[in-house]
Amino acid sequence: MKLYPSYPSIPPARTETSVKSFILSLVIILSVIGNEGLAQKPYRVLPPHFNTDKTQQMMRSWLREQSHQALDQRRAEFEQALSSPERFAAYQQKRRKTLRMCLGEMPPRTPLNPMVTDTIEADGFTIEKLYFESQPGFYVTANLYRPEGPGPFPAILHPLGHSENGKAYESYQKANQLLVKQGFVVLCFDPIGQGERKQIIDSDGEPAHRASHEHQELGVAPILLGRSLGGYMVWDAVRALDYLCSRPDVDAQRIGCTGNSGGGNLTSFLMAYDERIQAAAPGCFMTTHREKNESPGPGDAEQNLYAQIREGFDHPDFILSRAPKPTLILAATRDFVPIEGTWDAFRQAKRAYTLLGYPERISLIEANEKHGFSQRLREGAARFFARWLHGRQINVFEEAPVKIYTDRELQVTPSGQVQQLPLARSLLEVNQAEERRLALKRPPLTRDLVRQVTGIRKLTQLPEPRVELIGSNGRPAKSQQFQPGSNHDEPLRLIIHPEPGIVLPALYWPGGSAPPVLLAPAAGMNSAVIEARQLHRQGHPVLIVEVRDTGETTTRNWRFFGADYYIAYMLGRSWLSLRTEDMLVCARWLKTQQQAESLRLVTGGELTPAGLHAAALEPALISELTARGGIPSWRSLMKTPDAHQHIHNAVHAGLRYYDLPDLKALISTTP
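The sequence shown lines up with residues 1 to 671 when you count with UniProt numbering.
What the hints contain is simulated information worked out from the structure, not anything from laboratory work.
In this text the structure is predicted, and so the values were computed from the model without any measurement.
Note that beta-carbon positions come from the ideal geometry of N, C-alpha and C, so glycine has one too.
Fair warning: there could be bad hints in the mix.
[To be verified] Capping the alpha-carbon separation at 30 Å, the derived lysine-lysine pairs in DSS-like fashion look like this:
| hint | residue 1 | residue 2 |
| --- | --- | --- |
| 1 | Lys403 | Lys174 |
| 2 | Lys458 | Lys591 |
| 3 | Lys41 | Lys54 |
| 4 | Lys591 | Lys41 |
| 5 | Lys129 | Lys403 |
| 6 | Lys639 | Lys664 |
| 7 | Lys370 | Lys325 |
| 8 | Lys441 | Lys591 |
[Unchecked claim] Ranges of calculated distance between the beta carbons of each label pair, as one might list FRET restraints:
| hint | residue 1 | residue 2 | range |
| --- | --- | --- | --- |
| 9 | Lys458 | Ala596 | 19 to 25 Å |
| 10 | Pro463 | Pro632 | 57 to 63 Å |
| 11 | Ala596 | Gly471 | 23 to 29 Å |
| 12 | Pro641 | Ala76 | 27 to 33 Å |
| 13 | Lys54 | Asn368 | 27 to 33 Å |
| 14 | Pro476 | Asp204 | 55 to 61 Å |
| 15 | Asp204 | Glu65 | 30 to 36 Å |
| 16 | His49 | Ala424 | 38 to 44 Å |
| 17 | Gly297 | Ala252 | 35 to 41 Å |
Please model the entire structure based on the sequences and the hints provided.
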């Protein structure tokens, strides 16, 4: 049986140079297993218990160490800032600048074109059903609760949590009615992916995903553009503030903001970003990264900002950035948001507000409840805003019963989805347009530019790995000589340590006079054993390596797929760069071990982009690349509705400078 039929391939870019020939062959991998593969007992290099402890898995532990170092440094800087109001002012200025950098570039201000489609006459207030354009053709649906009387009134912006029906969710209606009865205009708007703003529609014209799932799918493309889903959501909120301030019945000098869960997230972002927010009450969100990253783990895409941990921006900094403006933390004892981190954040804020002379302007309510905008939190928020925006110290209690309107009664658009409005654009279309704009402005591509964008270090900057030979008993062998055994078909088992805390399982077939081959399979080492044996029989020394978070080191049983990526992202690291460096370290070791001039790299699937970068950046080391399958380009992720599966290959702002096919030009030129 022919084990490896010829693969259909895209014709490679080939350029002969005085040094060597570089070949790029992008092929589609075929699953072909012969009798030898069926009889092969799977190899394992690491101990059976490796990665079985959920909290101590390799990548979680490595990311924890990296995060704690950055957070410890941030905490030390905060403590120093408390030494004087002047130092604290400098700390604030730095954090505000950092937040804007982490959120990414914002769209330009364009006409809102607001439209009120209907009005509900309620008992003592009205509900205006309206929409506006935060970007051209990008519609935001909202309900505006208005008290009786001429105004102008103080106003509350109410971003929402992860409710499927958005602004019609029962507890959010109750919060809006409680606030409007205290004399506030309340603007409650649907977030991206919720209520009437579903962005991914299936073939039947129905929303394809629930809110959190859609957020994850929509979160990938903005990363590649140097933006963020959180940034888009903040921009929606900024434009909602613009709309409020444009109304003659709103006092633009007395604006507050409150929201719960995802709405607490957006409230936190906005209160630190936009100075028009005078009083803010984020709910069921405020904690610390140290606590949250452990449990429950990173949130949806919009909650995780590029390099925020690396740059020293922790949850308390959303409050510290705006001090001493009035701020109320709304918390729940039995929340999955760690309450210990909530109190840590509050204590940091209390110390800062006290330093500035306004300790009474920061407070916390902890309700003995689960996650949600519960009655006690709603009442506390209403009392808080009455004090700081109305100047009234009053008790506020929810009256029962509260009339709850149906989704249909609060619906703004004729069909219930903004995508059906004339000239509407989805976020996918917004991203595609931005990618086309950026493509026209890209600078000439160089290896130094690729390194700058990705963070991939030069080969000379990468440490030499420590390599262990593992014996048949699963322990380090007494002799660490990497010599072939009596059965040349049997590989040596290796553990490669590219840096502290990281281990890469590997199988090594030494010997042979043909050029060495490094196999880096996305599906783990056992998927490549047959190919490795065939290559070795043809005279090639072969090393199969499982780069980090593949095979035996795959992170399992965490909150959701991509949680590890987002912690690295908040550290300013790309998963692609980490895996590329693993390939380069192993390739250099193999080349040195075999005393070869260069070698061939074979990879595919999820690891194709890493292989492309390795070959493009170090052509003197990798003279031939075979990359099977994988995404054809980053640009393709602008329009796909299932981009989240490719999150590990997203590089922040990558598409501002190049796309994956552009790397072929570097592969086929001398370094």
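Going down the list of hints, with the structure as the test:
Pair hint lysine 403 plus lysine 174 holds up; C-alpha atoms about 8 Å apart against a cutoff of 30 Å. For the hint linking lysine 458 to lysine 591, the alpha-carbon distance of about 16 Å falls within 30 Å, and the restraint holds. Using a Cα cut-off of 30 Å, the hinted pair lysine 41 and lysine 54 holds, with the two alpha carbons roughly 27 Å apart. Between lysine 591 and lysine 41 the alpha-carbon distance is near 29 Å, which keeps this suggested pair within the 30 Å criterion.
Distance restraint check for lysine 129 and lysine 403: the Cα-Cα separation of roughly 17 Å lies within the 30 Å cut-off, and the hinted pair is therefore satisfied. Between lysine 639 and lysine 664 the alpha-carbon distance is near 23 Å, which keeps this suggested pair within the 30 Å criterion. Taking the CA atoms of lysine 370 and lysine 325, the gap is about 28 Å. The hint holds against a cut of 30 Å. A distance of roughly 39 Å separates the Cα atoms of lysine 441 and lysine 591; the hinted pair therefore is violated under the 30 Å criterion.
The hinted range of 19 to 25 Å is satisfied by lysine 458 and alanine 596, whose Cβ atoms lie roughly 20 Å apart. Between proline 463 and proline 632, the C-beta spacing of about 33 Å breaks the proposed range 57 to 63 Å. The hint said 23 to 29 Å for the Cβ distance between alanine 596 and glycine 471, and at roughly 27 Å that hint holds. Hint check: proline 641 to alanine 76, Cβ distance near 44 Å, so the stated range 27 to 33 Å is violated.
Range check, lysine 54 to asparagine 368: about 28 Å between beta-carbon atoms, so the 27 to 33 Å window is met. At roughly 58 Å, the beta carbons of proline 476 and aspartate 204 sit within the given window of 55 to 61 Å. Evaluation of the 30 to 36 Å hint for aspartate 204 and glutamate 65 yields a failure: the beta carbon distance comes to about 47 Å. For the pair histidine 49 and alanine 424, the beta carbons lie near 53 Å from each other, so the given range of 38 to 44 Å is not met.
The given range of 35 to 41 Å is respected by glycine 297 and alanine 252, whose C-beta atoms sit roughly 39 Å from each other.
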